[in-house]
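So the sequence shown is numbered by my numbering: it starts at 1 and just counts up by one.
Treat the hints with care, since some could be wrong.
Claimed, not checked - Subject to a maximum C-alpha distance of 20 Å in a straight line, what follows is the list of computed DMTMM-like cross-link-like pairs (lysine to aspartate or glutamate):
1) K10 to D28
2) K10 to E39
3) K10 to D69
4) K10 to D65
What the hints assert, rightly or not - Between beta-carbon pairs, the in silico distance windows are:
5) Q106 to Y56: 39 to 47 Å
6) T70 to L11: 17 to 25 Å
7) W14 to S104: 18 to 26 Å
8) D65 to K10: 19 to 27 Å
9) W14 to Q106: 32 to 40 Å
No wet-lab data here; the hints were simulated from the structure. No residue lacks a Cβ here, since even glycine has one placed at the ideal position from N, Cα and C.
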Amino acid sequence: RQDECDELFKLFEWVTVDEGHQIFSAGDSSESGLYMLVEGSLGVFLRDESKDGEEYLSYHMNPGDSIGDTQVVSRADSPRLCSLRAAAPSVLMQLSRARFRAFSVQHPGGLL
Numbered sequence: 001r002q003d004e005c006d007e008l009f010k011l012f013e014w015v016t017v018d019e020g021h022q023i024f025s026a027g028d029s030s031e032s033g034l035y036m037l038v039e040g041s042l043g044v045f046l047r048d049e050s051k052d053g054e055e056y057l058s059y060h061m062n063p064g065d066s067i068g069d070t071q072v073v074s075r076a077d078s079p080r081l082c083s084l085r086a087a088a089p090s091v092l093m094q095l096s097r098a099r100f101r102a103f104s105v106q107h108p109g110g111l112l
């Protein structure tokens, strides 16, 4: 099991972004998968359809928080429901759906 965890960890890409960087927008493909915040702060924005789709800050992500975990395991490429933007210089770990699918094919029991 430890070997599988180590292998999965190696599939993550490290991403560094500046404050204000748009990581993804509502409606974007979820193919980019899962993001885990290592350092910094991210803002999660939702659209208010009663105000012509104007975005509002729903919450801040702190180190250790993740987003997109449902999309990474889903078989369907559903659009993102929120936007994600750096509220401060930040470091993230990203696991794309394609990398996760390749891992799950090689290790079908590794996710239990």
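We went through each hint and held it up to the structure:
{"no.": "1", "hint": "K10 to D28", "in the structure": "violated (25 Å)"}
{"no.": "2", "hint": "K10 to E39", "in the structure": "holds (18 Å)"}
{"no.": "3", "hint": "K10 to D69", "in the structure": "holds (17 Å)"}
{"no.": "4", "hint": "K10 to D65", "in the structure": "holds (19 Å)"}
{"no.": "5", "hint": "Q106 to Y56: 39 to 47 Å", "in the structure": "holds (41 Å)"}
{"no.": "6", "hint": "T70 to L11: 17 to 25 Å", "in the structure": "holds (18 Å)"}
{"no.": "7", "hint": "W14 to S104: 18 to 26 Å", "in the structure": "holds (22 Å)"}
{"no.": "8", "hint": "D65 to K10: 19 to 27 Å", "in the structure": "holds (22 Å)"}
{"no.": "9", "hint": "W14 to Q106: 32 to 40 Å", "in the structure": "violated (22 Å)"}
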